[in-house]
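Protein chains in written order, with the working numbering: chain U, 1 to 413; chain R, 1 to 238.
Warning: the hint list may mix true and false statements.
Here are the computed lysine-lysine pairs in the BS3-like style, where the Cα-Cα straight-line distance is at most 25 Å [to be verified]: (1) 116(R) <-> 16(U); (2) 222(U) <-> 182(U); (3) 9(U) <-> 85(R); (4) 188(R) <-> 32(R); (5) 19(U) <-> 400(U); (6) 259(U) <-> 85(U); (7) 116(R) <-> 9(U); (8) 69(R) <-> 85(R); (9) 32(R) <-> 85(R).
Derived contacts from chain U toward chain R, CB cut-off under 10 Å, selection only [unchecked claim]: (10) 5; (11) 9; (12) 13; (13) 314; (14) 317; (15) 319; (16) 321; (17) 323; (18) 324; (19) 326; (20) 405; (21) 407.
Bear in mind the hints are in silico, worked out from the structure with no lab data behind them. Ideal Cβ placement from N, Cα and C applies to all residues, glycine included.
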Amino acid sequence: MMPFYHAAKIAFAGLKTNKTRSALTILGIVIGVTAIIMVVSLGQGAKNLILGQIEGIGARTIGIIPGRQPKGPTDILATLTASLKTRDLVALGRKENVPHAEDIMPIVFGSETASYEGETYRPTIFGGNELMADIYDAYPERGRNISADDVRASADVVVLGPTVIERLSPDHDLLGKRIKIKGRNFLVIGILPKKGGASFINFDEMALMPYTTAQNYIFGIKHFNRVAVRADNEANVASTVEDIKATLRELHGITDPDKDDFGVETQADALKTVGTILSTLTVFLAMVAAISLVVGGVGIMNIMLVSVTDRTREIGLRKALGATNGNILAQFLLEAVILTGIGGIVGILLGAGLSFGISLAISNLFGLAWTFTFPAGAAFLGIVISTIVGLIFGLYPAQKAAAKSPIEALRYE
Amino acid sequence: MSLMEVKSLEMTYRDEEVATPVLRGLTFQINKGEFVAVMGPSGSGKSTLLHILGFLERQTGGEYLFENKQTNEYSEEDIARIRNKKLGFVFQSFNLLPRTEVLENVKLPLLYSGLKEEVWDGMAREAIEAVGLSHRTNFEPSQLSGGEKQRVAIARALVNNPEVIFADEPTGNLDSKSGEVVMEIIEKLHSEMGHTVILITHETYTAEYAERIIRLRDGMVESDTKVLNRRTGKKFTK
Numbered sequence: 001m002m003p004f005y006h007a008a009k010i011a012f013a014g015l016k017t018n019k020t021r022s023a024l025t026i027l028g029i030v031i032g033v034t035a036i037i038m039v040v041s042l043g044q045g046a047k048n049l050i051l052g053q054i055e056g057i058g059a060r061t062i063g064i065i066p067g068r069q070p071k072g073p074t075d076i077l078a079t080l081t082a083s084l085k086t087r088d089l090v091a092l093g094r095k096e097n098v099p100h101a102e103d104i105m106p107i108v109f110g111s112e113t114a115s116y117e118g119e120t121y122r123p124t125i126f127g128g129n130e131l132m133a134d135i136y137d138a139y140p141e142r143g144r145n146i147s148a149d150d151v152r153a154s155a156d157v158v159v160l161g162p163t164v165i166e167r168l169s170p171d172h173d174l175l176g177k178r179i180k181i182k183g184r185n186f187l188v189i190g191i192l193p194k195k196g197g198a199s200f201i202n203f204d205e206m207a208l209m210p211y212t213t214a215q216n217y218i219f220g221i222k223h224f225n226r227v228a229v230r231a232d233n234e235a236n237v238a239s240t241v242e243d244i245k246a247t248l249r250e251l252h253g254i255t256d257p258d259k260d261d262f263g264v265e266t267q268a269d270a271l272k273t274v275g276t277i278l279s280t281l282t283v284f285l286a287m288v289a290a291i292s293l294v295v296g297g298v299g300i301m302n303i304m305l306v307s308v309t310d311r312t313r314e315i316g317l318r319k320a321l322g323a324t325n326g327n328i329l330a331q332f333l334l335e336a337v338i339l340t341g342i343g344g345i346v347g348i349l350l351g352a353g354l355s356f357g358i359s360l361a362i363s364n365l366f367g368l369a370w371t372f373t374f375p376a377g378a379a380f381l382g383i384v385i386s387t388i389v390g391l392i393f394g395l396y397p398a399q400k401a402a403a404k405s406p407i408e409a410l411r412y413e
Numbered sequence: 001m002s003l004m005e006v007k008s009l010e011m012t013y014r015d016e017e018v019a020t021p022v023l024r025g026l027t028f029q030i031n032k033g034e035f036v037a038v039m040g041p042s043g044s045g046k047s048t049l050l051h052i053l054g055f056l057e058r059q060t061g062g063e064y065l066f067e068n069k070q071t072n073e074y075s076e077e078d079i080a081r082i083r084n085k086k087l088g089f090v091f092q093s094f095n096l097l098p099r100t101e102v103l104e105n106v107k108l109p110l111l112y113s114g115l116k117e118e119v120w121d122g123m124a125r126e127a128i129e130a131v132g133l134s135h136r137t138n139f140e141p142s143q144l145s146g147g148e149k150q151r152v153a154i155a156r157a158l159v160n161n162p163e164v165i166f167a168d169e170p171t172g173n174l175d176s177k178s179g180e181v182v183m184e185i186i187e188k189l190h191s192e193m194g195h196t197v198i199l200i201t202h203e204t205y206t207a208e209y210a211e212r213i214i215r216l217r218d219g220m221v222e223s224d225t226k227v228l229n230r231r232t233g234k235k236f237t238k
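Only chain U is shown next, with the shape it has when bound in the complex (with noise of 0.2 Å):
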């Protein structure tokens, strides 16, 4: 048997004598490794970049969610009710009940029309109480934050986002000026910076007021849409959630799991969730960029099969001179084979050099934190993948070869 690296060779030679035709030959390998390196660097990309955010909101908080939690996607008996009000969050809020609960904030939302000498706005009103700020990381631009005392007097008070302020009055300052929510008046105590869509929650657009407030005058509901807890350190966040589910329960006579008439959610499965989606997501269109290399091995079969008719003389003069079928079956493997990883070599240099220059442009063009990653396991399966290809594309047309007899190939004209 020949040594390997004379194969190799042979093979190399054969390509080399033709450079365009092998080059056009692993265009469809490069483009498929390339779209596959694409797709998973840039989904490593966006799942940083929105794990980054959620991450930002703080992985210490816990929300409890009123109603039936669905318990999978057919279930459409969840509803939503009124079962978190005001006894709720004072059994919360002692320490033998939940000992690594370190803040507590009650919140309601919903959307109500805004107007300032006769511009109207349907903003987000969020009423939450003094930890609003810390908790979302929405502190005032100017003006102050929302106090306890505002929360205890039910004050007319709003702290406003810039879209609001734009609509109602884009030539004023409306800092200490009074705005109407629902036909009453609010004095305006603050203005939060810009913070751009891209967040998780799109505070520009919402107008933060003390919860009470917003239960009494604006909605007239006693409960809440949502409460947030923050335990006092991320080790404890597990335990603080168990301890919530026990105290509700408790409290609401609960003593089936499944009949929980609220839920409870951690950072983490937000976390999670989202990262589950968008690794699916990633796994999907590369599937789906893999296809165009099994469309790219299609492309070296058929180039190879022109490669053996083509050369039917050159094969002919190689078994006249001595070598095997087996010399020109691993002749014509081999050269599929190099073809094919030098495509997957290319694609993932092409790859991601392209990923880099996109992730340059979004962290430019959009002021993201986004990052580029290089996904060093795509990039391994490319060069497996590509040369898989190789091999089974390859076979046919080198089995062709080798089946050649020496004096029908030297005839061959």
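Guided by the hints, dock chain R onto chain U, whose structure is given.
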């Protein structure tokens, strides 16, 4: 000493149930060191005979003994090894690899020889020297004249130092002057280097370089005569 021997050799091509007999019972023996010309009109079966003797095709009837061994049972691997080690081919249409320099073309048989790569270069250069083309070592076939191409092909046939050199109409594509140069070289392979040469030709003047002429007609031996070698005047002796 008998190198090749055929007994009642037959070759019949079958194409869609139509049988075309090409060789119809040839019997002769070729000794080591002989220079034999096989002549005959086209269709007489001379190329087919060369293909069988050169292990490029198998006969459909009769026997072929190479170095006193029956060749029927040789495997594809055995045959490839014999083609590589014992035989050298020179074709009418040169069959050089295009866009591949002379040195690499001549090395081609060595790739399949199992010899160490270190010796390839020396062997190839020696063979190129033997056909007087050292000054063309790094040329590509497209830069060579017809006669030079055929001399490269001869160097390639020589490089493994084979027992027999088969030349199938080696001057068929050449002008008479280049043909003469090529024939001089082939003759030297026989007279100076001791190779057995089997030459297929239909030109009498080319056949005159040989010591023995086998004439074929309709797949049978018409005549088998020893002749005077034109260059040396030496008569073939058994």
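For each hint, the structure was consulted:
1. 116(R) <-> 16(U): holds (24 Å)
2. 222(U) <-> 182(U): Holds: residue 222(U) and residue 182(U) sit about 18 Å apart, inside 25 Å.
3. 9(U) <-> 85(R): holds (21 Å)
4. 188(R) <-> 32(R): holds (16 Å)
5. 19(U) <-> 400(U): holds (22 Å)
6. 259(U) <-> 85(U): Distance ~18 Å between residue 259(U) and residue 85(U) Cα, so the pair holds.
7. 116(R) <-> 9(U): holds (14 Å)
8. 69(R) <-> 85(R): holds (16 Å)
9. 32(R) <-> 85(R): holds (15 Å)
10. 5: Holds, about 9 Å.
11. 9: holds (8 Å)
12. 13: Holds. Min distance 7 Å.
13. 314: holds (6 Å)
14. 317: holds (5 Å)
15. 319: holds (7 Å)
16. 321: holds (4 Å)
17. 323: holds (5 Å)
18. 324: Cβ of residue 324(U) sits 4 Å from chain R, so the hint holds.
19. 326: For residue 326(U), the interface hint holds, since the closest Cβ of chain R sits about 8 Å away, which is under 10 Å.
20. 405: holds (7 Å)
21. 407: holds (5 Å)
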